[in-house]
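Starting from the structure of chain A, add chain B where the hints point.
In order, the protein sequence lines correspond to chains A and B. Going by our numbering, the first sequence opens with residue -7, and the numbers climb by one from there. Going by our numbering, the second sequence opens with residue 177, and the numbers climb by one from there.
It should be emphasised that the hints constitute simulated quantities derived from the structure, not laboratory data. A few of these clues could be false.
[To be verified] A short, non-exhaustive set of chain A residues, derived as facing chain B with CB atoms under 8 Å:
hint, residue
1, D101
2, K105
3, L106
4, Y142
5, A143
6, A144
7, N271
8, Q327
9, T337
10, S339
11, Q340
12, R341
[Said to hold, decoys possible] Result set (DSS-like, lysine-lysine): computed pairs, CA atoms no more than 25 Å apart in a straight line:
hint, chain 1, residue 1, chain 2, residue 2
13, B, K243, A, K150
14, A, K105, B, K266
15, A, K290, B, K266
16, A, K183, B, K266
17, A, K290, A, K275
18, A, K269, B, K266
19, A, K78, A, K1
20, A, K276, B, K243
21, B, K182, B, K266
22, A, K319, A, K291
23, A, K183, A, K224
24, A, K105, A, K117
25, A, K105, B, K283
In this text the structure is predicted, and so the values were computed from the model without any measurement. Note that beta-carbon positions come from the ideal geometry of N, C-alpha and C, so glycine has one too.
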Amino acid sequence: MQHLVDTIKRKTDDGELDKLVTELDQNLDKIRMSVSKLSPRIFETLPIANYTLGLCYLIATKAVIGTPKEDTIFMMQRILQEFDVKQARLASRKFGVIINIFTKQKIEDNQAKLVMPLLLSVLNKFQISKHHLTPIHSAYLSCALTCKRYAAASKLLKHQILEIEPSITGLTPKDMLLFYYYGGMVHCGLKNWDEAVRFFSIALTVPAHVLSSIVIESFKKYLLVGYLAEGKILKIPKHASVVVSRSLESFATQYIDFLNTLTSGEKMGKDFMRSTKSNETFKKDNTIGLTLQCIEAKKRRKIQELTSTYLTIGLSNIAELVNVNEKEVESLLLQMIENGEIRATISQRDAMVVFTDADDQTIEEAMKELNSKMAEAVELSNRMKEMDKKVSLSGEYICHTLPLTGDFSSSTITGASSNGDHFD
Amino acid sequence: MNNNKKEQIEKGITQLIQNSDYDSLLATLELYDHDGLLNNDYAFAYKCYLLSYLIAQDLNNARFLWKRMLTMKLDDESRQLHQVLVGMWKRQPKDVHASLQWQWSSKLLPLITKCQSNYRQYIVALLSRAYSDIHLHNLSDMIGLSEDEAKAFVLEHEWTVSGDYMITSKSRQPTEDPSNLNQITKQA
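Pulled out of the complex, with its shape left as it was, chain A reads as follows (with noise of 0.2 Å):
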């Protein structure tokens, strides 16, 4: 132990940071079998400002062995309120997981709302900037849902994920993957079905070899959300890897027979909402609720063929068609405009509604929605052309170009060198 502690020392006072990950990655069985001394009390030797790197791979290691005691939990703790940035950016893989460990931690000792906080503090401090994704943000997200915190958890969601440097953040694909499961739940939380539709169909796109449970339980609610979000059941998107797409569905039949059910246009009774409530799976799986409101959005749907059939129509009418009772048809109505799922006005003098087309919006509506889409698209065409401009200018795309065009030119081998990247 304390010649590790040394080298630490030693290396990181030369500045020598890269060469101290090297040897630390090359000597992980010694960091086992030194840890099991490791305390507190590291830190009065090997400040945490200073030696983050060091200490990274020595509390991971530690945390990894069996249950974490209540010495490593306040270590991590430690290192987390005070760690610094750039040398946590070298060990990213340990210091994501210090960041899961700890987490899981304080979630199985019902203490997921006082982390929360300093899970943010820290992203706020580690992240390269917004639109980059790191394991703290799945960390952040499963602290939220464990402790219904679902304001906290959308704001995090509004910030669009447009790179992963997994070099610099040390993510992994399990991180990736709950993180938009995660969010997906959180959507489902706050009835946004547009939205954890899209985040669960990234989780199912997410490239594998094999099939993962996070992408099996993604596919589940992906399942159900869609019906609530589009009425039909959506297929697994064209772009998920092979072994997804093609063993997926065998582990959802119940899910596939129940919305086949829905779809197939059968009068639903009672008995069809107690089964429902008492299917085992759907109880073991925590997806009761998700497919009651799918049978409930199914009079819904009704109600919405109806506006491509008809202008005008009777409230009896309707009950009659959707199977409810005319008191309830007039609040369905109404509360399905209120969502903006139809546009229609209810006459109670003559108990008829006419259905109607999309309402003007105002010029300022317009405008306001048009200048909002077209930032989005200017800032949207920006990222391409820098992404561009960084893939042309890497090494690997350049390797692979250059024997296909046989062009020596120098303007094509002066980028690659540029960013020090190494030819094979």
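Okay, now just chain B, sitting in the frame of chain A:
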């Protein structure tokens, strides 16, 4: 020390209520909640928090806040606020108005009044959008006023009367400002 912190927080909340700054009130309470500054015995703060969500018509977050409040010791006033939330969630305006008729503590009254007023305006706007005509009795139930008061209220919103029915105003008025039209033309 804990009492000092509680007093400071309550003082801040009271100030925001006095300034009628309900958006800042909600943002402040969300921040306090996130940073773990609201202990379980800060009943007044939590009631203001729940009311702030109701005023903003953010029923999802109000619902989740209530689930968190269930771990606290709840008084009758908190439970009554929950009834208001339930009425709003189930879209039963009559129940909402009935639940709002209660002996509220004086500190909460400004928020209750605001909640009631906001909700009434919200319902009238919704009814304007959804109905061409509505029976006076149903209108009175939905906006929580007697029939005469309800009639007077909606007449101020440019509705008209036709026997026992109130005819709604479809008050979407396109802006006449020509500069907006010019801008759209340029961008096209």
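Hint check:
1. A cut of 8 Å between beta carbons decides the hint on A:D101: the least distance to chain B is about 15 Å, and the hint is violated.
2. Annotation: interface hint on A:K105 holds; nearest CB of chain B at approximately 6 Å, less than 8 Å.
3. Given hint, A:L106 at the interface with chain B, holds; its Cβ is 5 Å from that chain's nearest Cβ, closer than 8 Å.
4. Annotation: A:Y142 was flagged as interfacial toward chain B, and the flag holds, the nearest CB pair being 5 Å apart, inside 8 Å.
5. The beta carbon of A:A143 comes within 5 Å of a beta carbon in chain B, closer than 8 Å, and the hint placing it at the interface holds.
6. Hint on A:A144 holds. Least Cβ distance to chain B is approximately 5 Å, under the 8 Å limit.
7. The closest approach between the C-beta of A:N271 and any C-beta of chain B is roughly 24 Å, which is over the 8 Å cut-off, so the hint fails.
8. The beta carbon of A:Q327 comes within 6 Å of a beta carbon in chain B, closer than 8 Å, and the hint placing it at the interface holds.
9. With its C-beta approaching chain B no nearer than about 5 Å, A:T337 sits inside the 8 Å limit, and its interface hint holds.
10. Taken as an interface hint, A:S339 checks out: its beta carbon lies about 5 Å from the nearest beta carbon of chain B, inside 8 Å.
11. Hint status for A:Q340: holds, given a least beta-carbon distance of 5 Å to chain B, under 8 Å.
12. With a least beta-carbon distance of about 5 Å to chain B, the hint placing A:R341 at the interface is held under the 8 Å criterion.
13. For the hint linking B:K243 to A:K150, the alpha-carbon distance of about 24 Å falls within 25 Å, and the restraint holds.
14. A distance of roughly 29 Å separates the Cα atoms of A:K105 and B:K266; the hinted pair therefore is violated under the 25 Å criterion.
15. With a CA separation close to 18 Å, the supplied pair A:K290 and B:K266 stays within the 25 Å bound.
16. Distance hint between A:K183 and B:K266 is fulfilled; the C-alpha atoms sit about 15 Å from each other, no more than 25 Å.
17. Restraint check for A:K290 and A:K275: satisfied, since their Cα atoms lie roughly 21 Å apart, inside the 25 Å limit.
18. Annotation: proposed proximity of A:K269 to B:K266 holds, straight-line Cα distance about 20 Å (limit 25 Å).
19. Only pairs whose Cα atoms come within 25 Å are accepted, and A:K78 paired with A:K1 is accepted, the gap being roughly 16 Å.
20. Restraint check for A:K276 and B:K243: the C-alpha separation of about 22 Å stays at or below 25 Å, so the hint holds.
21. With a C-alpha separation of about 34 Å, the suggested pair B:K182 and B:K266 falls outside the 25 Å cut-off, and the hint is violated.
22. About 14 Å separates the Cα atoms of A:K319 and A:K291, which keeps this hinted pair within 25 Å; it holds.
23. Between A:K183 and A:K224 the alpha-carbon distance is near 17 Å, which keeps this suggested pair within the 25 Å criterion.
24. This hinted pair checks out: A:K105 and A:K117 have alpha carbons roughly 20 Å apart, not beyond 25 Å.
25. Only pairs whose Cα atoms come within 25 Å are accepted, and A:K105 paired with B:K283 is rejected, the gap being roughly 28 Å.
In summary, the structure is inconsistent with hints 1, 7, 14, 21 and 25 from the numbered list given earlier, while agreeing with the others.
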